[in-house]
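S.K.: One-letter residues, chain by chain:
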Amino acid sequence: MKHVKTIRLLQQKISFLIDVQAIKKLTVICILTLAVFFLSASFGDSFINPFKVLQAFFGYGSDFDQLIIIDFRMPRIFMALFAGMALAVAGAVLQGIIKNPLASPDIIGISAGGGAAVVGFLAIFSDSNHSLTVSIEWLPLAGFIGATIVGCIVYLFAWKDGVTPNRLVLIGISVSAFMQAITTMLMIIGPIYQASEANKWITGSVKSSDWDQVQIVVPLIIVLLLITFFITRQLNVQELGDDTASSLGQPVQKTRLYLILLCSSLVASAIAFAGAIGFVGLMAPHIARRIVGSSFGVLIPASAAIGALLVMVADIIGRTAFSPLEVPAGVFTAAIGAPYFIYLLFRNPKK
Amino acid sequence: MILKNNYSKMIALLVGVILLLLSMGISIVYGYANTSIQTTYESFRQFNNSNEHLIIQNVRIPRALIASCVGASLAITGVLMQTLTKNPLASPGILGINAGAGFAVVFAMIFFHISSLQSFAWIAFLGAAIAALSVYGISFSGRDAVTPVKITLAGAAISALFASFTQGLLATNEAELDQVLFWLAGSVQGRKLEILLSVLPYLVIGWIAALIISPKMNILALGDDVARGLGLRLGLMKILVGLIVIFLAGGAVAIAGPIGFIGIVVPHFARKFVGTDHRWLIPMAALLGGILLLLADVAARYIIMPQEVPVGVMTAMIGTPFFIYLARKGGKK
Numbered sequence: 001m002k003h004v005k006t007i008r009l010l011q012q013k014i015s016f017l018i019d020v021q022a023i024k025k026l027t028v029i030c031i032l033t034l035a036v037f038f039l040s041a042s043f044g045d046s047f048i049n050p051f052k053v054l055q056a057f058f059g060y061g062s063d064f065d066q067l068i069i070i071d072f073r074m075p076r077i078f079m080a081l082f083a084g085m086a087l088a089v090a091g092a093v094l095q096g097i098i099k100n101p102l103a104s105p106d107i108i109g110i111s112a113g114g115g116a117a118v119v120g121f122l123a124i125f126s127d128s129n130h131s132l133t134v135s136i137e138w139l140p141l142a143g144f145i146g147a148t149i150v151g152c153i154v155y156l157f158a159w160k161d162g163v164t165p166n167r168l169v170l171i172g173i174s175v176s177a178f179m180q181a182i183t184t185m186l187m188i189i190g191p192i193y194q195a196s197e198a199n200k201w202i203t204g205s206v207k208s209s210d211w212d213q214v215q216i217v218v219p220l221i222i223v224l225l226l227i228t229f230f231i232t233r234q235l236n237v238q239e240l241g242d243d244t245a246s247s248l249g250q251p252v253q254k255t256r257l258y259l260i261l262l263c264s265s266l267v268a269s270a271i272a273f274a275g276a277i278g279f280v281g282l283m284a285p286h287i288a289r290r291i292v293g294s295s296f297g298v299l300i301p302a303s304a305a306i307g308a309l310l311v312m313v314a315d316i317i318g319r320t321a322f323s324p325l326e327v328p329a330g331v332f333t334a335a336i337g338a339p340y341f342i343y344l345l346f347r348n349p350k351k
Numbered sequence: 001m002i003l004k005n006n007y008s009k010m011i012a013l014l015v016g017v018i019l020l021l022l023s024m025g026i027s028i029v030y031g032y033a034n035t036s037i038q039t040t041y042e043s044f045r046q047f048n049n050s051n052e053h054l055i056i057q058n059v060r061i062p063r064a065l066i067a068s069c070v071g072a073s074l075a076i077t078g079v080l081m082q083t084l085t086k087n088p089l090a091s092p093g094i095l096g097i098n099a100g101a102g103f104a105v106v107f108a109m110i111f112f113h114i115s116s117l118q119s120f121a122w123i124a125f126l127g128a129a130i131a132a133l134s135v136y137g138i139s140f141s142g143r144d145a146v147t148p149v150k151i152t153l154a155g156a157a158i159s160a161l162f163a164s165f166t167q168g169l170l171a172t173n174e175a176e177l178d179q180v181l182f183w184l185a186g187s188v189q190g191r192k193l194e195i196l197l198s199v200l201p202y203l204v205i206g207w208i209a210a211l212i213i214s215p216k217m218n219i220l221a222l223g224d225d226v227a228r229g230l231g232l233r234l235g236l237m238k239i240l241v242g243l244i245v246i247f248l249a250g251g252a253v254a255i256a257g258p259i260g261f262i263g264i265v266v267p268h269f270a271r272k273f274v275g276t277d278h279r280w281l282i283p284m285a286a287l288l289g290g291i292l293l294l295l296a297d298v299a300a301r302y303i304i305m306p307q308e309v310p311v312g313v314m315t316a317m318i319g320t321p322f323f324i325y326l327a328r329k330g331g332k333k
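If you're matching them up, the sequences are chains U and S in order.
The first sequence maps to residues 1 to 351 in the numbering used here.
The second sequence maps to residues 1 to 333 in the numbering used here.
Chain U extracted, bound-state conformation (with noise of 0.2 Å):
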């Protein structure tokens, strides 16, 4: 343990593990991630300088520069940011509680959830003519409840005295079933229209993103990723299993279920204007594993900054590459990482 130092706060309510090694490297991603989010402001259907981009962040550029930077493409790359970071967050702290390198919020449901509630949503509010009856706004909210509904049902029926990993994830992963079939089948049984905007938020998207949704979902998820980081020592505590965990002190239950609401409101609040953008949850958290090691003080944030520069990625891909087409992000967010993971996979054997 020589290269661990340990940061104690607060009369040591608050603590960390931290590697040096560790935090230089996720100083390196960190940078990385704000130069990217820097540049994402460049790219789109026309290159602007990024000289220019700085000049408009502080208000001295032209009117359409200004225009195209600050209501364009500020808010998507902004949603990008904090989706990405949300949902990589949330499968890092899942990937702990589960103990189950498979785990992710696609695994436990919530993202499942999300989706059957957005496709039943369109199915519902629409009349004979397959035009919406109540305005479109009102689909983020529809994902944000059917997430945390799910979310919930799933840990109701996990519960037997406790609820043990395994049951969760096996609870899970049929829950996780029935909610993509009831999805299935209304797409398939409603018009095309409906079938491809229910597509659309399945694959995940920040298109549509506008300063209003920042507004509510950048508070939000700050907030529930500090409360995230700040007990990152009682991750470590329960990766290390039930028995030990409870031996050295640890409500096991009480804190399962704190960290499981945490995951779900992560996750649901990064759906509802995103969409169930895939793959980030499942393996930002072990890419980040394989540069920063696994203790959860450096994990989380080297999680959070690979989650986001995925996403933020994906999305220049996803509107430069086949403009004017738009690609929903969600697609380029594996088609970037996977590759990059297998490199990881293949180059450093680590355990």
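Derived by calculation from the structure, the hints in this document are not laboratory data.
Please read these numbers as outputs of a predicted model, since none were measured by experiment.
One thing to keep in mind: the hints can contain errors.
[As the list claims (entries may be wrong)] Each computed DSBU-like pair below joins lysine-lysine, with the alpha-carbon atoms no more than 30 Å apart:
#  : chain 1 : residue 1 : chain 2 : residue 2
1  : S       : Lys238    : S       : Lys86
2  : S       : Lys216    : U       : Lys160
3  : S       : Lys216    : S       : Lys272
4  : S       : Lys192    : S       : Lys216
5  : U       : Lys5      : U       : Lys207
6  : S       : Lys4      : S       : Lys192
7  : U       : Lys24     : S       : Lys238
8  : S       : Lys216    : U       : Lys25
9  : U       : Lys25     : U       : Lys5
10 : U       : Lys99     : S       : Lys86
11 : U       : Lys5      : U       : Lys52
12 : U       : Lys160    : U       : Lys254
13 : U       : Lys24     : U       : Lys5
14 : S       : Lys192    : S       : Lys238
15 : S       : Lys86     : S       : Lys216
16 : U       : Lys24     : U       : Lys99
17 : S       : Lys238    : U       : Lys160
18 : S       : Lys329    : S       : Lys272
19 : S       : Lys272    : S       : Lys192
20 : S       : Lys216    : U       : Lys254
21 : U       : Lys207    : U       : Lys52
22 : U       : Lys99     : U       : Lys160
23 : U       : Lys254    : U       : Lys99
24 : U       : Lys99     : S       : Lys192
25 : S       : Lys329    : S       : Lys4
26 : S       : Lys4      : U       : Lys200
27 : U       : Lys254    : S       : Lys86
28 : S       : Lys216    : S       : Lys4
29 : S       : Lys272    : U       : Lys99
30 : U       : Lys99     : U       : Lys207
31 : S       : Lys86     : S       : Lys272
32 : S       : Lys238    : U       : Lys99
Keeping the supplied structure of chain U fixed, place chain S upon it in accordance with the hints.
M.R.: Frame of chain U, contents of chain S only:
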């Protein structure tokens, strides 16, 4: 309620066989066309070219046979995958089978305008095999040994990659979405007997091989170190399991498209009845898989008659309540 002695396990298997035959009967007799046990019997004894007899002989019987073969194959591969990766969440999908097949079919449809089910079968099989082989290629390369975690992660990454290609193609070609959506949900509707017959040899080889290696699977389940200590040739064994999975799951996806749920959940069902001994687990899972798919297929005909629901949708809808019950009933593991 795990059965303890071999005698009662034998009876459980026998009950399974009877239920499977019964489900096949139901699948042949009931459907949109108005038929009864009487007409079914007559269609065998004195075939008279009437509509009902034609439907029974040319549509329902192939369909029942296909459903039972596909269900059994998927369930067996589920058992193999869960033992190979030591992960209760594993399914044939984890080797990239479904994602690879789905991508190949969507690709062929958009770029070569292929749309017959017969050609889908071979394209899907090819796609499944390529995906699974690349997963194995990645897991076997690198300096360290092939650990279960490595196969799992490589598989998850490859599946995600192919799935994202598919979604990308569909997002840019929305017109094709409608046509291919039904195939992507998995269905045993409208398949001719020839499709089954051309894939059947692979399935039969897979079934027999799975039964032959079942004692060795018990050793593999003990963990890599113990298995090596007991003299199991790990590398060979893992390649063998991979080949069987390609044959069985690749064949299944070729016939019916990617049907989820069975491969992941039926093994857990079977484990609740006969425990973890693969010599019993594999046949039991095969029977349960066949039964579930047959019944789901019958239900798929009735839900929104005269339209049909893809059977992949029904397997999840029928199976989930049972599964939640079983998962809660079993004690702490």
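S.K.: Given the hinted pair Lys329 of chain S and Lys4 of chain S, is their alpha-carbon gap at most 30 Å?
M.R.: Between Lys329 of chain S and Lys4 of chain S the Cα gap is close to 17 Å, so the pair holds against 30 Å.
S.K.: Compare the distance between the alpha carbons of Lys216 of chain S and Lys160 of chain U with 30 Å, and conclude whether the hinted pair is satisfied.
M.R.: violated, 35 Å
S.K.: Given the hinted pair Lys216 of chain S and Lys4 of chain S, is their alpha-carbon gap at most 30 Å?
M.R.: holds, 21 Å
S.K.: When you check the alpha-carbon spacing of Lys5 of chain U and Lys207 of chain U, does it fall within 30 Å?
M.R.: Answer violated: Lys5 of chain U to Lys207 of chain U is near 42 Å, above 30 Å.
S.K.: Does Lys99 of chain U pair with Lys86 of chain S here, judged by a C-alpha cut-off of 30 Å?
M.R.: holds, 13 Å
S.K.: Compare the distance between the alpha carbons of Lys86 of chain S and Lys216 of chain S with 30 Å, and conclude whether the hinted pair is satisfied.
M.R.: holds, 15 Å
S.K.: Does Lys192 of chain S sit within 30 Å of Lys272 of chain S, going by the straight-line distance between their CA atoms?
M.R.: violated, 35 Å
S.K.: Given the hinted pair Lys238 of chain S and Lys86 of chain S, is their alpha-carbon gap at most 30 Å?
M.R.: holds, 12 Å
S.K.: What's the verdict on Lys24 of chain U and Lys238 of chain S, does the C-alpha distance respect the 30 Å limit or exceed it?
M.R.: violated, 39 Å
S.K.: Taking only the CA atoms, is the gap from Lys192 of chain S to Lys216 of chain S under or equal to 30 Å?
M.R.: violated, 36 Å
S.K.: Holds or violated: Lys272 of chain S with Lys99 of chain U, Cα cutoff 30 Å?
M.R.: Between Lys272 of chain S and Lys99 of chain U the Cα gap is close to 22 Å, so the pair holds against 30 Å.
S.K.: Are Lys192 of chain S and Lys238 of chain S close enough, with their CA atoms no more than 30 Å apart?
M.R.: Violated. Lys192 of chain S to Lys238 of chain S sits at ~34 Å, over the 30 Å cutoff.
This entry does not satisfy hints 2, 4, 5, 6, 7, 8, 11, 14, 17, 19, 20, 24, 26, 30, going by the numbered hints stated previously.
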